[in-house]
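Okay, here's what each chain looks like letter by letter:
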Amino acid sequence: AQSVTQPDIHITVSEGASLELRCNYSYGATPYLFWYVQSPGQGLQLLLKYFSGDTLVQGIKGFEAEFKRSQSSFNLRKPSVHWSDAAEYFCAVGGGAQKLVFGQGTRLTINP
Amino acid sequence: GAVVSQHPSWVICKSGTSVKIECRSLDFQATTMFWYRQFPKQSLMLMATSNEGSKATYEQGVEKDKFLINHASLTLSTLTVTSAHPEDSSFYICSARDQTETQYFGPGTRLLVL
Chain W
865 AQSVTQPDIH ITVSEGASLE LRCNYSYGAT PYLFWYVQSP GQGLQLLLKY FSGDTLVQGI
925 KGFEAEFKRS QSSFNLRKPS VHWSDAAEYF CAVGGGAQKL VFGQGTRLTI NP
Chain B
3 GAVVSQHPSW VICKSGTSVK IECRSLDFQA TTMFWYRQFP KQSLMLMATS NEGSKATYEQ
63 GVEKDKFLIN HASLTLSTLT VTSAHPEDSS FYICSARDQT ETQYFGPGTR LLVL
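Heads up: the sequence lines are chains W and B, in that order.
When the count follows the numbering used here, it moves up by one through the first sequence with no breaks and lands on 976 for the last residue.
When the count follows the numbering used here, it moves up by one through the second sequence with no breaks and lands on 116 for the last residue.
Do not rely on the hints blindly, as some may be mistaken.
Said to hold, decoys possible - Keeping only pairs whose Cα atoms sit at most 20 Å apart, straight-line, the calculated EDC-like set for lysine to aspartate or glutamate is:
#1 LYS913(W) <-> GLU61(B)
#2 LYS963(W) <-> ASP100(B)
#3 LYS43(B) <-> GLU952(W)
#4 LYS963(W) <-> GLU54(B)
#5 LYS963(W) <-> GLU103(B)
#6 LYS43(B) <-> ASP949(W)
#7 LYS932(W) <-> ASP918(W)
#8 LYS963(W) <-> GLU61(B)
#9 LYS43(B) <-> ASP918(W)
#10 LYS913(W) <-> GLU103(B)
As the list claims (entries may be wrong) - Only some residues are given here: those of chain B computed to face chain W with a beta carbon under 10 Å:
#11 LYS43
#12 GLN44
#13 SER45
#14 LEU46
#15 LEU48
#16 GLU89
#17 THR102
#18 TYR106
#19 PHE107
The hints are simulated quantities; they were obtained by calculation from the structure and are not laboratory data.
Glycine residues also receive a C-beta, built at the ideal position from the N, C-alpha and C atoms.
With the hints as constraints, model all of the structure from the sequences given.
Spelled out as structure tokens, the structure:
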């Protein structure tokens with residue numbers, strides 16, 4: 865069965881520091897992988913996605929993610945966070961016409 | 003591009019009434035849309051898959067007679083919560099899937115049933 869694990873429920877980093885949010889997945893075929901961000905009371909915004917090709921994917925707002933098949937991981941990174949990056953981040957896996965399976969989310973807090 | 007809207011963003015209703023929520027893909031056509039429910043500090047729970055021109059597919063445990071879904075066009079899906087009760091109060095989010103198999107989400111609708 866498909867599953868997504870985000871091991872960190874809550875992460876706090878200082879503004880300007882680097883960030884890495886972890887995501888591990890279980891999927892029987894080649895996965896489609898996504899990272900979404902949700903601000904309080906809002907819907908989800910797509911940050912980036914991986915379908916195939918280059919395993920390092922660039923997204924919006926300065927985020928990137930790297931697909932590592934051997935580790936079944938799709939970690940999200942940003943070299944320098946801004947206070948506006950404080951939000952909930954969701955990793956999701958799907959494939960083709962399959963529905964998405966979401967992780968539990970990681971809440972990011974930024975210290976000034 | 004890839005904008006999805008929801009209306010209303012906020013609704014308060016009395017117990018026993020029905021509430022309709024609209025989900026529109028504004029700049030692309032979506033043969034498939036999805037309806038999710040989100041509880042505070044939790045991830046999204048898929049309620050149903052809405053297919054244009056056919057019946058929705060409901061997830062296990064979701065009452066299809068309680069949550070009516072209609073996908074009448076390639077840009078519009080509606081969710082009607084029938085005979086709403088306080089336990090139906092929640093944040094409802096829709097998404098629309100484009101031709102690249104990417105889901106784009108609406109801003110959500112917060113429902114409060116008194």
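Tell me, in ascending order, the numbers of any earlier hints that this structure violates.
1, 9 and 16
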